[in-house]
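Okay, so the sequence shown: first residue is 1 according to my numbering, each after it adds one.
Derived CB-CB ranges, DEER-like:
1) Asn-48 with Thr-118: 15 to 21 Å
2) Val-187 with Asn-21: 40 to 46 Å
3) Val-117 with Lys-96: 31 to 37 Å
4) Thr-132 with Asp-72: 19 to 25 Å
Cut-off 20 Å, straight-line C-alpha distance, at most; resulting in silico cross-link-like pairs (EDC-like, lysine to aspartate or glutamate):
5) Lys-51 with Asp-41
6) Lys-45 with Glu-92
7) Lys-96 with Asp-150
8) Lys-51 with Asp-125
9) Lys-141 with Asp-57
10) Lys-141 with Asp-171
11) Lys-51 with Glu-140
12) Lys-141 with Glu-157
13) Lys-141 with Glu-156
14) Lys-96 with Asp-41
15) Lys-141 with Asp-172
In case anyone wonders, no lab produced these hints; they're calculated from the structure. Even glycine gets a Cβ: it sits at the ideal position worked out from N, Cα and C.
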Amino acid sequence: MLSIFADLDGFTHYVDQRMGNLEQLRVAARTLFVLRAELTDVLQKDFNGRKVRLIGDCVQGIISEGTAQNVDAEETVTTGVLCAAAMHSSFETVQKMEPEANNLGLAIGLEYGATPVTRLGIRGDMSVRVATSQAVTNAEKLQESLDQGDLTAIGEEAYRLAPEHIQDIFDDARRKQYLNYPQLSMVIQEVGHPALHLAAVAAPALALSTGEDPRSYAGS
1 MLSIFADLDG FTHYVDQRMG NLEQLRVAAR TLFVLRAELT DVLQKDFNGR
51 KVRLIGDCVQ GIISEGTAQN VDAEETVTTG VLCAAAMHSS FETVQKMEPE
101 ANNLGLAIGL EYGATPVTRL GIRGDMSVRV ATSQAVTNAE KLQESLDQGD
151 LTAIGEEAYR LAPEHIQDIF DDARRKQYLN YPQLSMVIQE VGHPALHLAA
201 VAAPALALST GEDPRSYAGS
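Input sequences plus hints: build the corresponding full structure.
Structural data, given as structure tokens:
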């Protein structure tokens, strides 16, 4: 299973600058709500991932490809990187619609590994999804290590399991700046990937490689 942490870089400073102004704080709260909802929709609606929890201005999620008996590690990592690229593209779309988001960035950490997932609490809306493993810890640390908001980092295990055309995207530190969905989809379209087709058909959040204008969930 692949763990993903997507953090709104610079949001704490963004809020600090607006302390003491109630109206600006309302705008900040709205911006946070819109961006978190957008990232969650990309994860769940576009790539069939699952949101684990919202941690302030960070979205924690999980992605898995395969069956209940066997996880396809290579496909899972590929889908995870596609999801990260789509999050960046969707984030850029929201920035065009929401001027308040222009000073924010998006930092994403990815790692693969066995991850137990369960729910705590009363069944239904009163329960909370929980996922914990070394992969979760590593993905969070990778995200926290990023010093600017336009970076994506992939962990050692996820990188090892990724196909060559995905490995080639990242630098020696396993980081990629300005990862976006249209460029990544062009890289892998000749190889073919189920998530690429799914997103092209059903995902309003993405800047699609078909040349259509991107439309975000926030604007739908």
